[in-house]
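Engineer: Quick mapping for you: the protein sequence lines, in order, are chains A and B. Once you know that position 98 of the first sequence is 98 in this note's numbering, the rest is easy, because the numbers rise by one and skip nothing. Once you know that position 105 of the second sequence is 105 in this note's numbering, the rest is easy, because the numbers rise by one and skip nothing.
Keep in mind the hints are simulated off the structure, nothing from the lab. Check the hints yourself; a few may be wrong.
[What the hints assert, rightly or not] Keeping only pairs whose Cα atoms sit at most 27 angstroms apart, straight-line, the calculated DSSO-like set for lysine-lysine is:
hint, chain 1, residue 1, chain 2, residue 2
1, B, Lys66, B, Lys55
2, B, Lys103, B, Lys41
3, B, Lys14, A, Lys99
4, B, Lys14, A, Lys61
[Said to hold, decoys possible] Derived, one-sided and incomplete: chain B residues facing chain A with beta-carbon distance under 10 angstroms:
hint, residue
5, Gln6
6, His7
7, Asp27
8, Phe28
9, Leu46
10, Gly61
11, Asn70
12, Ala72
13, Ser73
14, Ile93
15, Ser95
16, Arg113
[As the list claims (entries may be wrong)] Simulated DEER-style distance windows between Cβ atoms:
hint, chain 1, residue 1, chain 2, residue 2, range
17, A, Gln45, B, Ser15, 28 to 36 angstroms
18, A, Ile60, B, Ser9, 36 to 44 angstroms
19, B, Lys55, A, Gly16, 25 to 33 angstroms
20, B, Gln42, A, Ala17, 41 to 49 angstroms
21, A, Gln71, B, Lys14, 33 to 41 angstroms
22, B, Ile12, A, Gly16, 25 to 33 angstroms
23, A, Asn98, B, Asn70, 18 to 26 angstroms
24, A, Ser26, B, Pro86, 31 to 39 angstroms
25, A, Ile11, B, Ser9, 23 to 31 angstroms
26, B, Met45, A, Pro40, 29 to 37 angstroms
27, B, Thr17, A, Arg69, 25 to 33 angstroms
28, B, Gln42, A, Gln45, 16 to 24 angstroms
29, A, Lys111, B, Gly53, 45 to 53 angstroms
The C-beta atom is built at its ideal place from N, Cα and C for all residues, glycine as well.
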Amino acid sequence: AQSVTQPDIHITVSEGASLELRCNYSYGATPYLFWYVQSPGQGLQLLLKYFSGDTLVQGIKGFEAEFKRSQSSFNLRKPSVHWSDAAEYFCAVGAAGNKLTFGGGTRVLVKP
Amino acid sequence: GAVVSQHPSWVICKSGTSVKIECRSLDFQATTMFWYRQFPKQSLMLMATSNEGSKATYEQGVEKDKFLINHASLTLSTLTVTSAHPEDSSFYICSAVGLAGTKETQYFGPGTRLLVL
């Protein structure tokens, strides 16, 4: 069975500082991995996805993620956060087009 | 492109009534749509997979007679919460599977917040 773990429930970061959100997955085959962002009371917006190929994936809003098969990880990074990056971030695993399994989410707070 | 809408965006109803939530893919056809439920401060949990022209597939623990899903066309899936009770209050999110380049990708709707009094 597939599963996703996001070890950090909350992260607080200062504006302009770097951000890294951790994601570990368990999947029986080559995973398709996703990062979504959710603002309060809103739906999900896709930040980036990994299907195959280059293990460093670039997404929207200056985010990137690196797939590390040996560590079963797909961590999300941003070099310099903006106040508008405060939101809930979800990592998900699944086959493209098929049902996704989400991690528990990491809430990011940005300090001025 | 790849916009998914949900209607209504929020609904308040009395206990015992039924509520219908629509999920539409606005600019693409989706043979598969998914319905998720999200309780406050929790992650999304898949409820069911909706396939156009066939019966929905429900996840374990989800009552199919309570959460009726109809995927009557390639752009519309509906979720009806029958005889709603306060514990059904939640944020319901749908997604529709479309193509991003050559890969299938889920596109999420903005969600529907249901409050059952």
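Engineer: Would you mind marking each hint as holding or not holding in the structure?
Structural biologist: Evaluated hints:
1. Lys66/B - Lys55/B: Cα-Cα ~14 angstroms, so holds.
2. Lys103/B - Lys41/B: violated (31 angstroms)
3. Lys14/B - Lys99/A: violated (32 angstroms)
4. Lys14/B - Lys61/A: Measuring from Cα to Cα gives roughly 41 angstroms; hence the hint is violated.
5. Gln6: holds (8 angstroms)
6. His7: Not OK, violated: histidine 7/B not within 10 angstroms of chain A, min 13 angstroms.
7. Asp27: violated (16 angstroms)
8. Phe28: Violated - the Cβ of phenylalanine 28/B stays beyond 10 angstroms from chain A, reaching only about 13 angstroms at its closest.
9. Leu46: holds (5 angstroms)
10. Gly61: violated (14 angstroms)
11. Asn70: This hint is violated: asparagine 70/B lies away from chain A, its Cβ roughly 19 angstroms from the closest one there, beyond 10 angstroms.
12. Ala72: Because about 20 angstroms separates alanine 72/B from the closest Cβ in chain A, which is outside the 10 angstroms limit, the hint is violated.
13. Ser73: violated (19 angstroms)
14. Ile93: Status holds, d = 6 angstroms.
15. Ser95: Hint on serine 95/B: holds, closest Cβ of chain A at ~8 angstroms, below 10 angstroms.
16. Arg113: holds (7 angstroms)
17. Gln45/A - Ser15/B: 28 to 36 angstroms: holds (33 angstroms)
18. Ile60/A - Ser9/B: 36 to 44 angstroms: Violated, since isoleucine 60/A and serine 9/B (Cβ atoms, about 23 angstroms apart) do not stay within the stated range.
19. Lys55/B - Gly16/A: 25 to 33 angstroms: Cβ of lysine 55/B to Cβ of glycine 16/A: about 52 angstroms, so the range 25 to 33 angstroms is violated.
20. Gln42/B - Ala17/A: 41 to 49 angstroms: violated (28 angstroms)
21. Gln71/A - Lys14/B: 33 to 41 angstroms: violated (51 angstroms)
22. Ile12/B - Gly16/A: 25 to 33 angstroms: Given range 25 to 33 angstroms: violated, Cβ gap about 41 angstroms.
23. Asn98/A - Asn70/B: 18 to 26 angstroms: holds (21 angstroms)
24. Ser26/A - Pro86/B: 31 to 39 angstroms: The hint (31 to 39 angstroms, Cβ to Cβ) holds, given that serine 26/A and proline 86/B are roughly 35 angstroms apart.
25. Ile11/A - Ser9/B: 23 to 31 angstroms: 29 angstroms Cβ-Cβ, so the 23 to 31 angstroms window holds.
26. Met45/B - Pro40/A: 29 to 37 angstroms: violated (19 angstroms)
27. Thr17/B - Arg69/A: 25 to 33 angstroms: violated (50 angstroms)
28. Gln42/B - Gln45/A: 16 to 24 angstroms: holds (18 angstroms)
29. Lys111/A - Gly53/B: 45 to 53 angstroms: holds (51 angstroms)
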